[in-house]
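Below, each chain spelled out in residue letters.
There are 4 protein chains.
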Amino acid sequence: MTIRIAVIGAGLMGADHAKIVAEDMPGACLQVVCDMDATRARRIAEAHGAQDVMTDPEAAIARADVDAVIVASPDFTHAPLSLACIAAGKRVLCEKPLSQSVDECLAVMQAEQAAGARFVQLGFMRRYDEAYVQMRGALQRGDLGRALMMHNFHRNVETPAADFTGAMAITNSAPHEFDVVRHVLGCEYASIAAWQPKRSDARVAPVVMVLETADGQLVNIEVNNNAAYGYDVRAELVGEAGSIAMNPVAYTRTDMRLASSTGYDSDWRGRYAEAYRRQNRAFLRFVQTGAFPEIGADCWDGYCAAVVAQAGAKALAVGRKMPVEMIARPEFYA
Amino acid sequence: MTIRIAVIGAGLMGADHAKIVAEDMPGACLQVVCDMDATRARRIAEAHGAQDVMTDPEAAIARADVDAVIVASPDFTHAPLSLACIAAGKRVLCEKPLSQSVDECLAVMQAEQAAGARFVQLGFMRRYDEAYVQMRGALQRGDLGRALMMHNFHRNVETPAADFTGAMAITNSAPHEFDVVRHVLGCEYASIAAWQPKRSDARVAPVVMVLETADGQLVNIEVNNNAAYGYDVRAELVGEAGSIAMNPVAYTRTDMRLASSTGYDSDWRGRYAEAYRRQNRAFLRFVQTGAFPEIGADCWDGYCAAVVAQAGAKALAVGRKMPVEMIARPEFYA
Amino acid sequence: MTIRIAVIGAGLMGADHAKIVAEDMPGACLQVVCDMDATRARRIAEAHGAQDVMTDPEAAIARADVDAVIVASPDFTHAPLSLACIAAGKRVLCEKPLSQSVDECLAVMQAEQAAGARFVQLGFMRRYDEAYVQMRGALQRGDLGRALMMHNFHRNVETPAADFTGAMAITNSAPHEFDVVRHVLGCEYASIAAWQPKRSDARVAPVVMVLETADGQLVNIEVNNNAAYGYDVRAELVGEAGSIAMNPVAYTRTDMRLASSTGYDSDWRGRYAEAYRRQNRAFLRFVQTGAFPEIGADCWDGYCAAVVAQAGAKALAVGRKMPVEMIARPEFYA
Amino acid sequence: MTIRIAVIGAGLMGADHAKIVAEDMPGACLQVVCDMDATRARRIAEAHGAQDVMTDPEAAIARADVDAVIVASPDFTHAPLSLACIAAGKRVLCEKPLSQSVDECLAVMQAEQAAGARFVQLGFMRRYDEAYVQMRGALQRGDLGRALMMHNFHRNVETPAADFTGAMAITNSAPHEFDVVRHVLGCEYASIAAWQPKRSDARVAPVVMVLETADGQLVNIEVNNNAAYGYDVRAELVGEAGSIAMNPVAYTRTDMRLASSTGYDSDWRGRYAEAYRRQNRAFLRFVQTGAFPEIGADCWDGYCAAVVAQAGAKALAVGRKMPVEMIARPEFYA
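Chains as they are written, first to last, in my numbering: chain D, 1 to 334; chain L, 1 to 334; chain F, 1 to 334; chain H, 1 to 334.
Remember, identical chains collapse to one label, so a pair may be satisfied in a single copy or spanning two.
Pairs of lysine to any residue, SDA-like flavour, derived with a Cα cap of 25 Å:
#  : residue 1 : residue 2
1  : K19       : A273
2  : K314      : F164
3  : K90       : D67
4  : K321      : Q100
5  : K198      : G142
6  : K314      : R199
7  : K19       : K90
8  : K314      : G166
9  : K90       : D75
10 : K321      : G186
11 : K198      : G145
12 : K198      : A328
13 : K198      : G186
14 : K198      : R234
15 : K90       : V102
16 : K198      : A241
17 : K198      : R146
18 : K198      : I327
19 : K198      : L258
20 : K19       : F76
21 : K321      : D103
If you are wondering where the hints come from, they were derived from the structure by calculation, not from laboratory data.
Predicted model, so just to flag it, every value in this text is computed and none were measured.
When you get a sec, could you build the whole thing from the sequences and use the hints?
See the structure below:
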């Protein structure tokens, strides 16, 4: 029985999800593409053979011929639309963040707990990236001994928007790092400190963060949204017995003009294409079976990312380390 | 309209194809799994949700509810089953080789030309491998200037069979190299020479080949079926202005015990998984549209591989360079 | 005219310096090896053909047939012996640190300024390491645009001593990083913060530091004295237009047992052998010409390292960022 | 007692040798620089502080105040000047080749044997290159099992001379490969075959050689004198249990403009600087002790290189494999 999916939001991410549903999720079909801009929705719908086009997300969620939902609309809609999915009893793959508001995250968690079942999977797709899978595996096998530190670097060619700020680097870009590091290390954050060097121009400078975990590990995160040279994500997990690091993946190497070089992508699309596919297929199995994906991110993970991002933005503003204060993890999300 | 596919042969390759049809070819479904060993066919069919199981390949090809065929049965069946598919007017993705017999290759080509349309795509999946795609692209863009040489290395941990011979390294393993090099360089072979070093044990030693192309390029191929250390394929295309080489792909790097290391696979499954997916999706579009895949291999390619393999085996036996003598390329395959 | 050198200290470092004088500094000869342990001094003297052996460093410095001095005795002797060299009017290559005491560093600076000439070169040999030379060159050529950050990692297999502490990682190991980063960036530190993760055993845990420079750059330093896997130094300089990083140097790569690996050294000897040679040859030219080596470290550099190390140790102890407060740079050291 | 060295030939290689004698061979001094062009000789002599300048090599060899000789004059003088050194009872480090004439090589061997002692060390400096040292070591330790193949690539940016030919690639460039492979494998060649692809311009095309050793190993050598992209030497030794390959050495890696790159040198000077130093220091010990350097090349090695080069040039000319026919190794060179 084919799972009929509504994709809400027909921007860059929504278009990617629509394509994945159409081309890489056998067992699913693209039932509806919904966007408040009907033209945009139609373009995506036609490109990937969707049955229907809508402009009202709540109506799309409510449709009897929609079995599951992917939310890729603007960030502020994530929590309300997730709540609508829970209310409609439909599983939803919600792009990150669940919300930048801690209270909204808590509200979705409460609704989901009240409903008594898992409905929301969050789009922290890096958990499905092969490099992180291998790093987490090495740690769990005990190869590296106890984890001591994790160093993380996230670099874009340039910021998506001219008015991007250091605080936004923490609240919008860093959550992917916050989540995947928690996932790999298997523990929560206790504190966060943040710095920015000075640039010579008006662009947003990199943000460097140091976090302590509740288990006494250190996590370094650099988010450099104007790295200029390429899209580049690096990570190294340092254990007591050794270290495992992300290796740059390049299919070919070119020797020309006194240099041997491999290429960087100009954006994140290629780098995480396979992770998105794996994540979305895991979501499909979740819809089919009701069993939450083993390495999937849930509302608790969304809440944790929101709390640490908020503490990080404050740490950057005040210039000193801030505690990361969270509620106890509800049994429901254990 | 879903394309219903029969997979013939339920061995290692057949199982892989059945899995790809079931999981990675939206728009296709696994209609029949056919193997002379019904138990084996049933196991694969159940694993991937095939509609039906059969033991007679000709009957499977003839079924009205089968739109297209993937042939992954033993090598000697490839040509006869391809002929059966042509006769039945059904498109077939035939695993390599088309045949080790040059005459059989010619027979299939004649049947296809007589039928007046393309029916047979050959499973030289390396053409779809991202590394070769990039190498070919660099050559076509002119980055490297004129191609001068191509160096190729194919290494397995150990031979599939105890009675594997050097001649079999040429006729069974090397055809992948023969084909993809022709494809990347865009020209035909003129001669081939072959050597084997001596091993200290009874295992088959590597075979080293040097080929000349009709355009005056040199091609080196090492096929080392008992390389011991891992599954490893390397290639370098040397042009007048520079060089492009396959880069080893590893997602992580581990630092332990005074070494920094990346892993090798123990077989070819992982290395070419994506190439198989791309190839099989190209086959699906071929079935849907009738347009032969732009970079797909056809019967002419199968014939060329058979001719050069035969000349190579002879060169190894007699200890000197042999010409590669081929018919003129029929207009049909231009 | 051969420069006659006295090497003071016949431990590990002194033995290396004696060897370099004897084998890699044409124009110099090993006149005296001096150590309070006469047996140890004699062993080194014999190994490298020194003329004489002594146990009193002040007497060695005073000898008429000694033209220049290399101080490689215990840390606490560095400042007093440098003062003795200044008093004797002899140039000295003093192993780092000049002193861990800021006041002692100031005292040597004052003596040198009073003497009216440069006498002391400090053994921050990393400035002569090819990787740092290239990183500094790239920055100076403007290839990378303005420097924004420098990430530095220093890892040993295990601590030299059982009672090594986190503070000692900052005061004894990190000065090499403090100095070379200042040298590459060409600016001074403004603040330092420090952390340690928790280990599961009694060994000293890594120390992670974040420093701000007076020009608004960020510097990350990890000193991991029990990294277990190998001796490993890494550095990356991030500019506004791109990045340059130290590349691991390995002469060969081995493919065995499903891994492709390069080796790590078990200690620092090999990694910096060439930097020591270059540094000591620069010292020889300093002795011969009186012109202080262009990229050599001097007493001011020793003072700077002492100040930041002291601030770093305090930052680690109190758990918050400390300012790095220095005197104005004397004109003499400009 | 300082060894007084005469350097004969003040071209590129002679200048390098003079520099090494002056700066990197403590225990030796540069006594004489000799070149038929007195101006050129004087320039090098002044640059490196030689005592004297001469234009007559035989006279230079005969001087009472010359203890040993380095011959770096044109190739055709190597054998006669080596003979002169033997006659004068002086040890000589003779640049490769000993001679391109097999007969001349034999003549020098006979003179040396008649003299009853080793006098001639040949400048096959690659034996001292760390990469080959490690490859040979791995083989001797048995890590790789029995050696099966060695793949070798030698690439220059462009040919030294406009009238360079494929035969010269074999007789002038390839001898370094011929020698170091023999040295690493520890056996002699039995046959050689050679090919050239076609270039689109008048420059000399690469030469590809396949050699068989007497022990049944295969050796591939590519000499590409117009590789355009950089000076690049590669080698891989394939054993029954694994493989060891030369790793490219780069001190830094740069990330800019969507590429991560390391640099190539534009000529061989930097790549083998350390090998030359090691070789020349080994020569000094040979002069001092009379014991021929353990891994040094001698007249037998020069003879072997000449024989295989001659066979290779013939193989290229006639288009088929040629035997490598050598005399039995004299006991003297065992």
